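> Residue numbers (our numbering), protein chains in the order written: chain A, 1 to 186; chain B, 1 to 593.
No lab work stands behind these hints, which were simulated from the structure alone.
If you're wondering where the values come from, they're calculated on a predicted model, not measured in any experiment.
Warning: the hint list may mix true and false statements.
Straight-line Cα separation of at most 27 Å, DSSO-like style, residue types lysine-lysine; simulated pairs [what the hints assert, rightly or not]:
#, chain 1, residue 1, chain 2, residue 2
1, A, Lys179, B, Lys383
2, A, Lys44, B, Lys388
3, A, Lys179, B, Lys308
4, A, Lys179, A, Lys117
5, A, Lys62, B, Lys173
6, A, Lys38, B, Lys378
7, B, Lys141, A, Lys67
8, B, Lys507, B, Lys383
9, B, Lys308, A, Lys44
10, A, Lys44, B, Lys55
11, B, Lys173, B, Lys47
12, A, Lys67, B, Lys308
13, B, Lys378, B, Lys173
14, A, Lys62, B, Lys388
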Amino acid sequence: MRALTDREKRTVRIGAAIIGAYVLLFGGMQLTHFFERKRVEYQKLVTEARTLKGEIQLYEDKAIALKKLMETFNLDPARLSRTTAVAEASAAIQKTAASTGIQVGAVRESSGRPASKELGTIQMETTGPVPAVTALLGRLEAVGYPLVVETVQFSAEPTRPGQIKMSLTIQVLDFDQWKKDEAPNA
Amino acid sequence: MSAFNLAKTVPIYFEIGQSTLRVLQGDQGLELPLERLPGGRLSSGCKENLILSLKSFFKRDRWKGSARAFCAISARGVSLRHITLPSASKDLHRLLLLQIESEFPLSPDELAWGYLPVNPGKAPGNGSPAQQEYLIAAVKKEVIEEYTELLSACSVTPVFTVAALARQDLCPKTTRPQALLDVGRFYSELILFANNVPTSIRVLPWGGETITRAIETKLGISRAEAEELKLKRAQGPLNDVGTEQKVQAAIEEALDALARAANGYVLGEKVYLTGQSARLKELGPSLTRRLTSGIVCETLEPAVAVGKSAAIQGLQISADPGNGRRPLIIQGKPTNGSTREVRTAPWQWVALAGSLALAILALPYLEAVALKPYLAGKLTALKADRRKLAMIDAEWGFFQHLKQNAPPYLDALFLLAKAAPPGARFDSLSMNRRGDLSLRASMQNSQQVADFRSKLIDSGFFANLTVEEQTPSPDRQKLTVRMSAQWKPLNARQALAFGPTAEEIEKAKTRKREPQMGGPMPPMMGGPMMPGPMPPDQGGPGPARPRPARVNPPGGALPPEALPPGAMPPGALPPGAVPPGAVPPSQPPPTNP
Numbered sequence: 001m002r003a004l005t006d007r008e009k010r011t012v013r014i015g016a017a018i019i020g021a022y023v024l025l026f027g028g029m030q031l032t033h034f035f036e037r038k039r040v041e042y043q044k045l046v047t048e049a050r051t052l053k054g055e056i057q058l059y060e061d062k063a064i065a066l067k068k069l070m071e072t073f074n075l076d077p078a079r080l081s082r083t084t085a086v087a088e089a090s091a092a093i094q095k096t097a098a099s100t101g102i103q104v105g106a107v108r109e110s111s112g113r114p115a116s117k118e119l120g121t122i123q124m125e126t127t128g129p130v131p132a133v134t135a136l137l138g139r140l141e142a143v144g145y146p147l148v149v150e151t152v153q154f155s156a157e158p159t160r161p162g163q164i165k166m167s168l169t170i171q172v173l174d175f176d177q178w179k180k181d182e183a184p185n186a
Numbered sequence: 001m002s003a004f005n006l007a008k009t010v011p012i013y014f015e016i017g018q019s020t021l022r023v024l025q026g027d028q029g030l031e032l033p034l035e036r037l038p039g040g041r042l043s044s045g046c047k048e049n050l051i052l053s054l055k056s057f058f059k060r061d062r063w064k065g066s067a068r069a070f071c072a073i074s075a076r077g078v079s080l081r082h083i084t085l086p087s088a089s090k091d092l093h094r095l096l097l098l099q100i101e102s103e104f105p106l107s108p109d110e111l112a113w114g115y116l117p118v119n120p121g122k123a124p125g126n127g128s129p130a131q132q133e134y135l136i137a138a139v140k141k142e143v144i145e146e147y148t149e150l151l152s153a154c155s156v157t158p159v160f161t162v163a164a165l166a167r168q169d170l171c172p173k174t175t176r177p178q179a180l181l182d183v184g185r186f187y188s189e190l191i192l193f194a195n196n197v198p199t200s201i202r203v204l205p206w207g208g209e210t211i212t213r214a215i216e217t218k219l220g221i222s223r224a225e226a227e228e229l230k231l232k233r234a235q236g237p238l239n240d241v242g243t244e245q246k247v248q249a250a251i252e253e254a255l256d257a258l259a260r261a262a263n264g265y266v267l268g269e270k271v272y273l274t275g276q277s278a279r280l281k282e283l284g285p286s287l288t289r290r291l292t293s294g295i296v297c298e299t300l301e302p303a304v305a306v307g308k309s310a311a312i313q314g315l316q317i318s319a320d321p322g323n324g325r326r327p328l329i330i331q332g333k334p335t336n337g338s339t340r341e342v343r344t345a346p347w348q349w350v351a352l353a354g355s356l357a358l359a360i361l362a363l364p365y366l367e368a369v370a371l372k373p374y375l376a377g378k379l380t381a382l383k384a385d386r387r388k389l390a391m392i393d394a395e396w397g398f399f400q401h402l403k404q405n406a407p408p409y410l411d412a413l414f415l416l417a418k419a420a421p422p423g424a425r426f427d428s429l430s431m432n433r434r435g436d437l438s439l440r441a442s443m444q445n446s447q448q449v450a451d452f453r454s455k456l457i458d459s460g461f462f463a464n465l466t467v468e469e470q471t472p473s474p475d476r477q478k479l480t481v482r483m484s485a486q487w488k489p490l491n492a493r494q495a496l497a498f499g500p501t502a503e504e505i506e507k508a509k510t511r512k513r514e515p516q517m518g519g520p521m522p523p524m525m526g527g528p529m530m531p532g533p534m535p536p537d538q539g540g541p542g543p544a545r546p547r548p549a550r551v552n553p554p555g556g557a558l559p560p561e562a563l564p565p566g567a568m569p570p571g572a573l574p575p576g577a578v579p580p581g582a583v584p585p586s587q588p589p590p591t592n593p
């Protein structure tokens, strides 16, 4: 093979240097673009994570207040069963009434109206001494079911001196209706 | 290997003799012959060879910059002086220059010199200032410049000292005068010292070559054969008795010349011998016999390795900062005599700074590449858990509804009981969630009805109150009243406080403990239909008291078990109050005509 002249060697060297510089520049730009794209994606994720963190922090206070309310009402709505809630609530009310020394009379249950977000309505007649009746009225809040006393009516009980008759109309609320309301937030 | 170690340089030790250059770096050593011109300068060919050989020996990474080198130069051309100066630290350099100018044959500008304070300074006496003795070593500047140029070409930054001074560190320390004789190839260097301080350096024209030539002459053999015989003799006596005797005689003759030269100096008690020729076993004893009586010669065991010599071992000791020794450094522009920190080339720092800058630039990109998958996974998990937030919202709304729709039945009952006049009788009472209240009651007269009504209005609980019907009974003894009312909305009621006060609760407790005091009826009750006792200072519900913070929803009542023993739930009827239609069993029926 013929040996290269100095001029040819110089040409080869310059050519190699130009090609090398081009490859380096092109490769470097590609690499820079790749890393820049990754960095931008990462920054987006970081921003998203920060937003989410802010949202969650707002809920921390709400969760604490909610826990307190659950303890006050002795109630965890997530554990309520829609099908058995009315029956269980009725039983719980009667049990509470019995424990306060009240005689429970007629109890009528009717299915609730979806528009008013209730599972059912319980009508109940009770008879007992005044302290027991007022105690029952106070305890209804914490029987462990979402109850709203729609009406209360006191009247004399002529057959039992010292006792009064109390007629209650109680609504059992339907927690599922609230879940549906809040669904868009999910 | 840590980054620190990467940047760290291993010191290099040089001994630049008259005919040999020895190098030691770590465990690697090198010995190169030196070719000098008649004036003592190195020949240009020798310099080139040295540069090539040294570069090849070091094989250093360029980015590490210059290595520091400690160089011990030959005593040839070196002058030592002891100068005593007043302890004046500020003008010391100027004073030294003046002394050098007067003591040395050349001006300070032509000299490379260094100094070292020796012996403890003399304390100031009466009228005389404190004094300090200095040892000054000086050599022609061109000698040092030549070596500096040579070593700089090999990327080495040298500091210079005198080899004889470095060797002194190998001798045991004593206050008595001693000497050290380093036997070289053509010359020997004799350093005399007392109290561990060098007093003078001499170069004797006697070396290993003198012995070789003596053997050559005595045995009539070539120089090479004589050198071989000398080396064999250093291992032990020769086998040929005749040759052995002749070699012995030649060595004795050569030693006579050395002894004659050495005896002209005050050698002290002991003379230490170093150098390759000192390996001749009879050198020490033979020299002892020839020197002035009482002087003992002792050979210091030289390290037998390429690049190792007594001077280099001494340099290693001096250069170790842990030894606390300050070598005498010779420089073109002398400083205070201590070892000047060798300036390291900035290459390593430039490389380090560049790496750091690159790391700072690359970190955001590397972080993105490395942490993105982790962050994406975490975000996906969080989004999946977002349903829990919706559940919290739902539960929150549910409880708020429950709280706001809990009607204040007990509050209303409590207010009615407190406002009821004596003798009043409630036949029926109905309330609903929307706040409608209607009742039917009988009272003694219209004044009681008006009072009852005004007390209820004053309580601030009711928005409107209407007496729908007020009918006297046929016997005119009582009035039958039908009333309807509407309580205020939740927002308006929240500022009000209902329920028994602490005093009322306390009174209720007292009554419970003393039932005999009032019999079956409360003692304050004036008639069978009287409601419960009013607080003595209040006469009725009256304007609302400042409301304490409450946890329960408005209108709600504390569970009875949460109250103190004997206390009533808020809104409960006070003891003795007559519920609608109720007639206490012990009470006589109302006196109706």
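> State for each hint whether it applies.
To see whether the hints hold, each was checked on the structure:
At roughly 18 Å between alpha-carbon atoms, A:Lys179 and B:Lys383 fall within 27 Å of each other, so this suggested pair holds. Proposed proximity of A:Lys44 and B:Lys388 is supported: the alpha carbons are some 24 Å apart, at most 27 Å. About 91 Å separates the Cα atoms of A:Lys179 and B:Lys308, which puts this hinted pair outside 27 Å; it is violated. For the hint linking A:Lys179 to A:Lys117, the alpha-carbon distance of about 11 Å falls within 27 Å, and the restraint holds.
With a C-alpha separation of about 84 Å, the suggested pair A:Lys62 and B:Lys173 falls outside the 27 Å cut-off, and the hint is violated. Proximity of A:Lys38 to B:Lys378 is assessed by CA-CA distance (about 17 Å); at most 27 Å being required, the pair is judged to hold. Restraint check for B:Lys141 and A:Lys67: not satisfied, since their Cα atoms lie roughly 91 Å apart, outside the 27 Å limit. About 58 Å separates the Cα atoms of B:Lys507 and B:Lys383, which puts this hinted pair outside 27 Å; it is violated.
Annotation: proposed proximity of B:Lys308 to A:Lys44 is violated, straight-line Cα distance about 66 Å (limit 27 Å). Taking the CA atoms of A:Lys44 and B:Lys55, the gap is about 55 Å. The hint is violated against a cut of 27 Å. Of the pairs offered as hints, the one joining B:Lys173 and B:Lys47 is violated, with about 38 Å between alpha carbons and a cut-off of 27 Å exceeded. Among the hinted pairs, A:Lys67 with B:Lys308 is inconsistent with the structure: their alpha-carbon atoms are about 83 Å apart, more than 27 Å.
Distance restraint check for B:Lys378 and B:Lys173: the Cα-Cα separation of roughly 73 Å exceeds the 27 Å cut-off, and the hinted pair is therefore not satisfied. Between A:Lys62 and B:Lys388, the direct Cα distance comes to roughly 12 Å. Compliance with the 27 Å bound is thereby established for this hinted pair.
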